[in-house]
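Chains Y and Z are the protein sequences, given in the same order.
First residue of the first sequence? That's 1 in this note's numbering, and the numbers climb one at a time after it.
First residue of the second sequence? That's 1 in this note's numbering, and the numbers climb one at a time after it.
Since the hints were derived computationally from the structure, they do not count as laboratory data.
A portion of the hints provided could be inaccurate.
[Unchecked claim] Simulated coverage check for chain Z against chain Y, where a stretch passes if three residues somewhere in it have a Cβ under 8 Å from a Cβ of chain Y: (1) 32-38; (2) 311-317; (3) 333-345.
For each residue, glycine too, the CB sits at the ideal point set by N, CA and C.
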Amino acid sequence: MTPEDLLYTKTHEWVCVETDESDEKIATVGISAFALELLTDLVYIELPEVGWDVVAGEPFGVIESVKAVSDLCSPVDGEIVDVNERVSDQLETLGNDPYSSGWLVKIKISDESGLADLLDHAAYRSQCKEEQH
Amino acid sequence: MTTPTIAQRTPLFDRHVAHGARMIEYAGWSMPLQYASIIEEHRHIRSAVGIADISHMGRMRFEGPGAAVFLAELLTRRVADMDEGQVRYSLITNDGGGIIDDVLVGHYHNDYGQPYYVLVVNAANREKVAAWIDAHLSRERAEQFGDEVIWSDVTRLWAMIAVQGPRSVELLQPLVDADLHTMRYYWGVQARILHPAAQRQGGIVTRTGYTGEDGFELSIGASIAPGVWEALLELGKPLDCVPTGIGARNTLRLETGMPLYGHELSEQIDPFQAGLGSVCHLTGYDFPGRDALLEIERQPRRLVRVGLELSGRRVARQEDAILANDKRIGKVTSGTFSPTLEKPIAMGYVPPEFAVPGTGLQIEIRRRPEPARVVQLPFYERKKKGKKK
Chain Y
1 MTPEDLLYTK THEWVCVETD ESDEKIATVG ISAFALELLT DLVYIELPEV
51 GWDVVAGEPF GVIESVKAVS DLCSPVDGEI VDVNERVSDQ LETLGNDPYS
101 SGWLVKIKIS DESGLADLLD HAAYRSQCKE EQH
Chain Z
1 MTTPTIAQRT PLFDRHVAHG ARMIEYAGWS MPLQYASIIE EHRHIRSAVG
51 IADISHMGRM RFEGPGAAVF LAELLTRRVA DMDEGQVRYS LITNDGGGII
101 DDVLVGHYHN DYGQPYYVLV VNAANREKVA AWIDAHLSRE RAEQFGDEVI
151 WSDVTRLWAM IAVQGPRSVE LLQPLVDADL HTMRYYWGVQ ARILHPAAQR
201 QGGIVTRTGY TGEDGFELSI GASIAPGVWE ALLELGKPLD CVPTGIGARN
251 TLRLETGMPL YGHELSEQID PFQAGLGSVC HLTGYDFPGR DALLEIERQP
301 RRLVRVGLEL SGRRVARQED AILANDKRIG KVTSGTFSPT LEKPIAMGYV
351 PPEFAVPGTG LQIEIRRRPE PARVVQLPFY ERKKKGKKK
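Can you build the whole structure from these sequences, using the hints too?
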């Protein structure tokens, strides 16, 4: 996945929406490189279990660095259908490859309306620029 | 509508920005949180050397024939018997024995042989301490011939740079005309800075720090601080020296079990709870809070400060509840991930019966209890080299 093709939440999660073989819309969610750079020194990530329901804008997990803990927020309403357990054991995966092997969860979307609020790459980049100042 | 307060800038602000630091507001000051990774900065200080801007610390200078007597009446620690060059850790307590601040007091003399004292106070407490001093320094004392005390807040006039780590002597020695090899821990001297950037100015160098490593703290005029900062970084290149921020300062002091005001210390906490009874000299002279402390010393402790190690990866933070058998018995005052031990560590207050090292407790982190074990402080202690001749 290339960062340019993804959608973003204001809270720095990236989202890739695809349609699976049974015609369900699946959102793959991760954390942007910008957010990871801000966090630095990751020590812990807590991810949900398969089958959990998530709500757009609400936390589905937490990520913790030396200095603070932050919520991971779901970009959409839906159900967790897959969790990338590997990142919990190897947090460096996140930093090394946030847009591919560093994905966090896959969500079967139950309500697509949340997608309209997401930012495209250009809009997300300008938000990050503002946050840097 | 409230007007947002503008964070004060240290003389090194531009240097931090130029070196790519992430700036945060800390105790009313704009300070570097980190330049790159907190863990990496922490490890540089444990294994080599790092420098940190600590110009946010409040500095107050006292001179005049009554300075020693006045300070002795303010601090929980004796001052009158301090030799020139000596530095002491002390507390300032209120009338009830609560901790107003924890401070360093140093005794130096200037180029003309006149003695003076410098009090280093926490940034967040600077105004409170200044008000406390004013309230206790009577007009008679301030003005009476033979007893005069002149004091000034020199925080904004002086920068302060911490040089910390096993290679700090190597880094700093070429820059000062004092012999750092023979300087004892908690001693200091007014010295000349041997670098063109210092424009022949002097400063105070003390063998003190807040990291648990060997190291020094350098107080110099604000105008020369940026040049000296750059000189340290340049000289430090072959020594693996890096600039470090407030983030690493916190993980370093926590591993060393040192209390931080606003976390382990407050006006609601007395020195005995905090494990600082040894810096309160309760006999032979008087200071605010002494009578209360004599009484508190006799009473059984309700809560005491402990170190806690967690077995999981989740990090306990200030205000998290400490539980024993599902019952809340205390709370966490500081917590972080220890880069040296590679596990979460915390400090907090619990009743004495739970303070025995080895006691198993839980810390409630985001509504879920996490196993924790009481451990002896400090979490980390450097291996001291044999004394040099």
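Hint by hint, here is what the structure shows:
1. 32-38: This one holds; 5 residues, not fewer than the three required, reach chain Y with a Cβ under 8 Å.
2. 311-317: The restraint on the segment 311-317 of chain Z holds, since 4 of its residues have a Cβ under 8 Å from chain Y and three suffice.
3. 333-345: holds (count 4)
Of the numbered hints stated above, none is contradicted by the structure.
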